[in-house]
Amino acid sequence: MRDILSSTRTRLRRALRGGDSDDDAVTDDGRVATDGGTAAGGAAGAAGTGGLLDRLDERIGEDFTESAVFWLPPFLLMGLFVYGAIAWNFVISLTDYQGFVGPDYSDLDFEMYVRAANDAGVIEATVNTFLLVVSFTAVALAFGLVLAILVDRDIRFENTFRTIYLLPMSLSFVVTAQFWLWMYNFNNGVVNILLGTVGIGPINWIGNSQIVLWAVVFALVWQFSGYTMVVYLAGLRAIPREHFEAARVDGASTLKMYWRVIVPQLKGSTISAAIVLMVFALKAFDFLYSLVSGYRPPNGTDILATKMVREAYSVNNWAYASAIAIILFLMALSIIGPYLYYQYSKGEL
Amino acid sequence: MSDAPTTDGEQSGALAGVREDLAGLDGYRVALYAAVLGLTAFYLTPIESGLVTAFKTNPEGVSSTLPFAPPPGEFFTLEKWETAVQALGRGMVNSALYAVPATVISALLGSFAAYGLTQADWRARYKAPILAMFVAAIFIPYQAVLVPLSQFWGSVPLAEVLTPLWVAGVPRAYTGVIELIVTHVAYGIPICMVLFRGYYTTVSEEMIEAARLDGATFARVYRRIVFPISTPMFAVVLIYQFTQIWNDLLFALILVSTESSPAAPVVLILAGLGESQEGQDFALRMAGAFVAALPTLIVYVLFGDEFAEGVAS
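Sequences listed follow chains A and B, in order. Using this note's numbering, the first residue of the first sequence is number 1, and each one after it goes up by one. Using this note's numbering, the first residue of the second sequence is number 350, and each one after it goes up by one.
One thing to keep in mind: the hints can contain errors.
Only pairs whose alpha carbons sit at most 35 Å apart, straight line, appear in this in silico DSBU-like list of lysine-lysine [stated by the list, open to error]:
| id | chain 1 | residue 1 | chain 2 | residue 2 |
| --- | --- | --- | --- | --- |
| 1 | A | K267 | B | K476 |
| 2 | B | K476 | A | K346 |
| 3 | B | K476 | A | K283 |
| 4 | A | K283 | A | K346 |
Just some of the chain B residues that point at chain A, by a computed CB distance under 10 Å [unchecked claim]:
| id | residue |
| --- | --- |
| 5 | S455 |
| 6 | L511 |
| 7 | E608 |
What the hints contain is simulated information worked out from the structure, not anything from laboratory work. A virtual CB, placed ideally from N, CA and C, is assigned to each residue, including glycine.
The whole structure should be built from the sequences, with the hints applied where relevant.
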């Protein structure tokens with residue numbers, strides 16, 4: 001595979017240079033005179049003397065074209081499927097595409113967005129999405145931090161506990177949805193039986209549209225707080241031991257020490273964990289679909305992700321679904337954009 | 350919480366051994382272990398309850414025993430496991446057919462991309478936007494690409510290209526498996542690239558620089574130096590990617606669409622399992638959940654550390 005790529009590159013170079021071999025130092029007289037002396041990176045073994053590729057190398061960096069063989073094909077594949085598809089999705093959202101006849105790209109307008117803004121279902125889904133993302137992220141962060149601090153207190157069998165806490169994350173949403181359907185079962189579920197021993201309930205967790213969203217948040221926290229723990233643990237381990245000591249010498253209590261000295265130093269971990277959790281929450285589609293084995297999630301849990309898929313694949317309102325998808329995408333972008341900028345300004349991009 | 354026991358706890362961790370274990374068993378340590386064990390119960394209860402339920406008869410055993418109690422003799426059965434394996438068996442094969450190739454290809458491409466964007470010497474100013482596009486692509490909600498994805502696979506004459514397969518007796522529905530491979534590779538590249546990039550930035554630059562000075566080409570350095578030392582990272586990426594692809598429902602639902610299709614992945618069949626007019630067969634659902642989760646559970650038990658490393662970065 002790599003051999004094919006590299007020979008293709010050599011051939012490409014030859015073609016661009018008009019038949020010269022890769023290692024030839026001298027080409028047409030004109031080129032030797034113009035850029036022969038400035039060709040970048042003599043050591044690289046690819047010091048051509050002219051041609052478009054070398055001029056690119058000169059401008060961007062000596063390895064640009066040589067490394068392009070490696071990053072360009074994956075970049076193009078990813079770029080087409082991600083950014084190409086999003087652009088296409090946006091165009092489709094401007095059409096009136098529905099049913100089984102293909103989209104008509106000659107008549108573009110924002111009608112679908114107007115329709116979405118006036119659709120009570122979309123507004124409810126947006127609110128639910130927002131509630132789900134914010135509450136799930138906040139609770140999973142707090143819970144994961146507690147887990148990380150406990151596991152970091154020099155306990156025995158630390159690895160075993162960590163493995164158990166992270167275990168649910170290795171499971172599919174489809175699998176965990178089955179577990180939690182059973183946990184929340186009205187007559188025989190663990191949750192109602194435990195609450196029954198202290199005289200509460202039974203509660204119809206899935207059927208009551210007022211509380212089902214919180215039941216879903218709880219299940220998702222169960223599944224992903226182990227992830228937050230792992231991120232925070234890495235953050236805690238990166239804090240120099242002296243900081244813990246220094247706080248103790250000052251006479252601070254353990255709680256105070258964590259709150260004043262340690263937690264502020266976990267800002268980086270918090271930000272990256274929060275971003276990933278928010279994205280998990282936006283992807284909660286799989287979980288909600290599996291709860292009911294269908295496109296219509298339990299009343300009170302419809303989020304934009306489920307609404308979009310239902311509009312597209314259940315009733316074939318393709319353009320409308322695309323418009324909802326763009327709204328969801330913009331929500332995601334408003335989270336990722338600042339994060340990328342933050343990474344860039346820290347010099348980590 | 351007073352200061353004294355905390356200090357005790359710290360010391361017991363700093364030194365190791367039986368003596369400290371005994372000395373450390375004060376109120377603070379007891380509370381700590383109680384919390385840790387309580388949390389263990391919290392994380393394992395849904396799984397334990399599912400496991401014991403899968404061995405119960407339905408509806409008698411399921412409704413007349415406590416959900417977390419093991420089945421008593423008269424309600425014990427292996428029947429649900431047999432049914433689950435029968436229903437999900439072909440789904441397991443189908444899932445493996447796309448999850449394994451997609452995992453390997455996306456890891457390789459991710460490694461290529463990461464190498465080309467870290468070790469190569471070109472201006473950060475031009476690299477940054479390309480990196481940003483890779484990183485942002487990890488976080489895209491897939492709903493934003495679904496309709497074009499359906500359009501795209503609807504217009505690609507994949508079925509004609511693969512005619513030899515159908516002649517050889519493969520059901521035509523398996524175009525869905527090919528589509529799933531390409532789709533999962535395309536959307537898996539960004540995370541693989543970012544995981545490898547984190548690793549490659551820590552690789553000693555002198556070693557690579559020295560090789561370049563000796564006249565090795567960029568590709569040769571990858572083949573001879575970078576690829577061999579990437580083995581631990583390949584383990585992390587392969588495990589993470591396999592789990593993600595095996596567990597994903599959305600693409601399977603969109604590209605294969607019905608659980609009755611011969612090419613239906615296991616998650617798609619599981620999502621509709623145990624649903625009938627008479628009500629939900631929870632024993633069957635639980636057995637099915639474990640069967641479907643088995644490959645990822647095995648991977649997790651064997652390679653838990655690599656998995657943790659994958660999710661942490």
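Here's how the hints hold up against the structure:
1. Between the alpha carbons of A/K267 and B/K476 the distance comes to roughly 26 Å, so the proposed pair stays at or under 35 Å and holds.
2. The hinted pair formed by B/K476 and A/K346 meets the criterion: a straight-line CA distance of about 15 Å does not exceed 35 Å.
3. A hinted pair counts as satisfied when its Cα atoms are at most 35 Å apart, and B/K476 with A/K283 qualifies at roughly 29 Å.
4. Between the alpha carbons of A/K283 and A/K346 the distance comes to roughly 28 Å, so the proposed pair stays at or under 35 Å and holds.
5. Interface restraint check for B/S455: the shortest CB-CB distance to chain A comes to about 9 Å, inside 10 Å, so the restraint holds.
6. A least Cβ separation of about 20 Å between B/L511 and chain A goes past the 10 Å threshold, and the interface hint is therefore violated.
7. Below 10 Å, beta-carbon pairs count as interface contacts, and B/E608 has one with chain A at about 9 Å; its hint therefore holds.
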